[in-house]
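Could you build the full structure based on these sequences and the hints that come with them?
Residue numbers (the numbering used here), protein chains in the order written: chain A, 1 to 83; chain B, 1 to 98.
Read the hints as simulated data drawn from the structure, not as lab findings.
Heads up, some of the hints might be wrong.
Distance windows between CB atoms, simulated [as the list claims (entries may be wrong)]:
1) ILE70(A) x VAL10(B): 33 to 41 Å
2) ARG30(B) x GLU54(A): 39 to 47 Å
3) HIS2(B) x PHE78(A): 43 to 51 Å
4) ALA80(B) x VAL20(A): 20 to 28 Å
5) THR31(B) x ILE63(A): 42 to 50 Å
6) ALA3(B) x VAL6(A): 14 to 22 Å
7) ALA62(B) x ARG77(A): 32 to 40 Å
Each residue gets a CB set at the ideal place from its N, CA and C atoms; glycine is no exception.
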Amino acid sequence: MNAFVVAATVLLGALAPLLVAASRRRPIDGLIALETAGAVATLALVCLSVGLGESIFFTVAVIAAVASWIGGLVFARFLARWT
Amino acid sequence: MHASDLAVDVLLGLGVAAELLCVAGVLVMRTTLDRLHYTGAATGVPALLVLAAALVRTHMSAAGLQALAAVGLLFLLNPALLLLTAHAAARTDRPEEP
Numbered sequence: 001m002n003a004f005v006v007a008a009t010v011l012l013g014a015l016a017p018l019l020v021a022a023s024r025r026r027p028i029d030g031l032i033a034l035e036t037a038g039a040v041a042t043l044a045l046v047c048l049s050v051g052l053g054e055s056i057f058f059t060v061a062v063i064a065a066v067a068s069w070i071g072g073l074v075f076a077r078f079l080a081r082w083t
Numbered sequence: 001m002h003a004s005d006l007a008v009d010v011l012l013g014l015g016v017a018a019e020l021l022c023v024a025g026v027l028v029m030r031t032t033l034d035r036l037h038y039t040g041a042a043t044g045v046p047a048l049l050v051l052a053a054a055l056v057r058t059h060m061s062a063a064g065l066q067a068l069a070a071v072g073l074l075f076l077l078n079p080a081l082l083l084l085t086a087h088a089a090a091r092t093d094r095p096e097e098p
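Put into structure tokens, the structure is as follows:
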């Protein structure tokens with residue numbers, strides 16, 4: 001187990017409290033926790049792909065970065081318009 | 001241990017520690033804008049430190065370029081998301097204003 005796999009494990013562990021916060025706080029604070037979780041997940045995927053030497057995970061990291069950004073935009077627009 | 005291995009360990013350790021600090025800030029801070037501040041920080045220096053560690057290990061290969069793309073997208077796109085979220089937070093706190 002190299003340093004990148006350890007870093008990915010730590011970052012994936014940091015997702016748990018963020019997801020709990022996203023589900024329990026009021027919607028705007030949950031959205032902020034979700035945006036942070038997207039960034040942490042992207043970095044975890046980058047670390048995992050370097051650590052395991054699997055190039056396919058890099059593609060997943062790029063898609064995760066874009067998808068979490070689009071999801072955050074949609075939620076933010078939704079909250080701004082309907083709250 | 002080579003110098004590159006040491007550089008990877010230091011950069012990765014700093015990057016993960018800074019990212020955990022940002023996560024703690026999002027969880028602990030009291031106001032919405034304070035939490036948003038830490039969200040923005042999570043895609044700044046910590047992401048660049050992790051990218052630097054990945055580039056030291058993979059160099060500018062296809063894998064390194066893909067890591068650069070992932071972290072670059074995160075770094076460049078996130079400010080727009082932060083602005084929109086701050087706007088939504090302001091609308092949530094003061095819904096009567098246009």
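Evaluated hints:
At about 34 Å, the beta-carbon gap between ILE70(A) and VAL10(B) stays in the expected band of 33 to 41 Å. Taking 39 to 47 Å as the suggested C-beta distance range, the pair ARG30(B) and GLU54(A) conforms, at roughly 41 Å. Between HIS2(B) and PHE78(A) the CB atoms are about 50 Å apart, so this pair conforms to the stated range of 43 to 51 Å. Distance hint for ALA80(B) and VAL20(A): a CB-CB separation of about 27 Å, consistent with the stated range 20 to 28 Å.
A C-beta distance of roughly 33 Å is found between THR31(B) and ILE63(A), which places it outside the suggested range of 42 to 50 Å. Range check, ALA3(B) to VAL6(A): about 20 Å between beta-carbon atoms, so the 14 to 22 Å window is met. ALA62(B) and ARG77(A) have their C-beta atoms about 35 Å apart, which keeps the hinted 32 to 40 Å range intact.
Going down the numbered hints, you'll see the structure goes against just number 5.
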